Amino acid sequence: LVISMANPLWEPALLLLERLHLKLTEGPHWRPSCRHICRTLSPHGFTLQSRTFTLLLPTEVPLLSAIVKKLEKLPLLRRLCLIEILEFTYQGE
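The sequence shown begins at 15 in my numbering and counts up one residue at a time.
Simulated from the structure, these hints should not be mistaken for lab results.
Remember, predicted model here, so these are calculated numbers, not experimental data.
Estimated spans, in silico, between C-beta atoms of each pair:
id, residue 1, residue 2, range
1, 45, 91, 15 to 25 Å
2, 103, 49, 16 to 26 Å
3, 34, 75, 10 to 20 Å
4, 105, 75, 37 to 47 Å
Taking lysine to aspartate or glutamate and the DMTMM-like style, the derived pairs with C-alpha atoms no more than 25 Å apart in a straight line are:
id, residue 1, residue 2
5, 84, 101
6, 37, 25
7, 37, 86
8, 37, 74
9, 87, 25
10, 83, 25
11, 84, 25
12, 87, 101
13, 83, 101
14, 84, 74
Beta carbons: idealized from backbone N, C-alpha and C, even for Gly.
My request is simple: use the sequences and hints to build the entire structure.
Structure follows, in C-alpha cells:
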C-alpha cells in the first residue's frame, strides 16, 4: 500500500496560497500525520516499510531549483519537503 500526500507541515502555507488564489482550492479536508496513519493501519496487518519526502521547492526557479533538489536530500531539510510518501506492506492479521 502506497500513500502519497502533502506533508502536514505545509498545511498553513497551502491554505494561504488557496486564499491568495495562487493554488486551486481543495475544499474541506484533513491531513493525518504519519503516526495516525500507522496506528490506524497497524491493527489490520500493515507495517510501515519506508517513509520518504520529496519536493522542497514546489515551483521551478532558474538556478535555485538545481541547488534545492540537492539540499532536499539532507536529513534536516528532507522532513520539510511538500510531498510525503508512505509505503506499507501487508503482514496479515
